[in-house]
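Q: Those protein sequences? They're chains A and B, same order as listed.
Residue -10 is where the first sequence starts when you use the numbering used here, and the numbers rise one by one after that.
Residue 12 is where the second sequence starts when you use the numbering used here, and the numbers rise one by one after that.
You may find that some hints are simply not true.
Derived contacts from chain B toward chain A, CB cut-off under 7 angstroms, selection only [as the list claims (entries may be wrong)]:
1. 24
2. 55
3. 295
I should point out that these hints are in silico values taken from the structure, not numbers from a laboratory.
Because the structure is a prediction, the values reported are computed rather than measured.
We treat Cβ as the ideally placed atom computed from N, Cα and C, and that holds for glycine.
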Amino acid sequence: MSDIAIKLENISKQYRLGVVGTGTLSHDLNRWFARIRGKEDPTLKIGQSNQLAEAGGDYVWALKDINLEVKKGEILGIIGKNGAGKSTLLKLLSRVTGPTTGQIKVNGRIASLLEVGTGFHPELTGRENIFLNGAILGMRKSEIRKKLDEIVDFAGVAKYLDTPVKRYSSGMYVRLAFAVAAHLEPDILVVDEVLAVGDAEFQKKAIGKMQDVSKDGGRTVLFVSHNMASVQLLCSRGVYLENGMISYVNRTDKVIDKYLNSSSKTVEKELSLFNRDIKINNITFLNKYGKKVTTLLSGQKITIRISYTANTYLKKVIIRLIFFNSNREFLFICNNYHTNEPFDNLENSGSLECDIDKLPLNSGSYHIDIRINSDSKMIFDKEQAISFDVISGDFYGTGKLPAIKRGVLVEHRWKIQQNG
Amino acid sequence: MTENTQNTISENWSMIIKPKRHWFDINLKELWQYRDLVALFVRRDFVAKYKQTILGPLWFIIQPLLTTLMFVVVFGNIAKLSTDGLPKILFYFSGIVGWTYFAESLKATSNTFVTNANIFGKVYFPRLTMPISIVISNLVLFAVQFLFLILFMLYYYFFKDVNIHLSLYTLLLPVLILITAGLGLGFGIIISSLTTKYRDLTYLVAFGVQLWMYVTPIIYPLSSINGIYKKVILLNPMTSIIETFRFILLGSGTVNFNQLLYSFIFMIVTLLLGILLFNKIEQSFMDTV
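Isolated chain A, as found in the complex:
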């Protein structure tokens, strides 16, 4: 028996653009005519890859030639920008729609959580909905009955079990829905970003459950998310989709790196900011491997490199990087005066580097003001010299981040002191 849970072979998926309805009949006839002459489907030739921006033809490839193997017990993270084909891939895997070409081989029962609470009916009670939802997800009545207590316990809705779910708070609703799905015990679980909803407590439970499922049960999980923190924590391997094609498959951290770098927005700026004495040519961010990155990740080791050219030798240079969030709320300062690392003599050209071991920023947009003094004289001052984006990363090593996206992240520990 092989240890492969899912094998995708040359999977492609084509969608038709524009208004469905007009012209379908003529297209159908066209296709049918081509088929009886033994020719290729004429509508299948258009487009090389999924370029949503410049969609010329009527058809677009949402996925193109995907080949992938997922091992049993593996948690595979699927990342990519909007429109990269993540959701389409999940739809194919959960059999909501079929592929245009290729085939998917699956070993074991597959269950998908593209949206929790599918098929919940507001008029039915919690108990009735557990049974209905469970049955929709493929469980037998007897199976659900066996798990009922566990499900109710996990969701924490015991008191309201015989109340119609329309009276539930939205939190209870989501908890109940996830509880049913989580107790489904499939061999392969396909999860979309559903976990983004619900409070922190519930997210913790959900992520914990998914880890249990994979560790104890040896089950396979396919996880699609924009939240790098949970991908980093959960997944051992990652797949980076770009324009409907697999761009990179590797260990999670490498794939996330790749994803961050390919961000189309370039941060590197030609700066011609100078007064008489110094000119800053550009500012770049480097990751721990010394590679340029364009988008940063919370908790990542980062180096900010500022290359300059100067007219003269500069003495006693003090440089300050002042970090602000997008509301221009002050966050923190990196100053070589405070760290006792003054640059006493600067060559005519070179670069200054500032290492931040653990970027203490939550996801969001930020910018930096730069001030440089030489010999106690201000020689450079630029507000919003550079701006950059941060994506939520695994700062605390727990996969969790505060929901409040303001301020900074501080590393800390908790312990307990008992009295007596």
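Once you have looked at the hints, place chain B on chain A.
A: Same frame as chain A, now just chain B:
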């Protein structure tokens, strides 16, 4: 190359998702595995329907009663159409009860894909569970109406001295229900499969069913029709159902086993065609709906 060699060591895959399904690749075993879901859908329909209303299940009966009343006035009293010697209320009501089951099953199943696009787009389960559960839910509705029909029959038998013949033929009732359900389901899923692409059909269904009713002996007995019209009406698979339904309960009309066999075969063919088409569409409809 390594991939190819791996392929030759063929593994036991529990499922293979392919682009185009074969016409006859119908997974009835899977449908059977989901039988609990059918039961739960039926329950959901029933609970949801009457929980939101004041009169509850009474609505099941109000519509056919009012229709009967209207038929009595318009076709019975004004147009003075024959009712084969039966009390007008019994004649029309029995026809309407039999017809309603067919018509409601057809109408409700005919937009399976469109009304359930949301849930179908999120999770996979055998799509056929949906129309099947609709037909079974409608059976509940039929049962309630049938109960009222029996109450009417008892009233006429005891208080109006109307002779009501029950015979061994009455045992045909389950067969009639089966054929009606099969026809409703068959036509319904054929239409629902086609509406995923050609939405025009949705508009056709409502009044198409209305027109169909007039070529079914509901407001007139088959015995009052002759010539070419009779031939056309006999082509309608519902004709023998309604005629037999009246005969086995009320004793009017006839049982024609050839006609009944025709309806049965018609039902089987429609149902098979429907299942094939539905099965074919099921896989790709999310992209066209």
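Q: Going through the numbered hints above, which ones does this structure break? Give me the numbers in ascending order.
A: none
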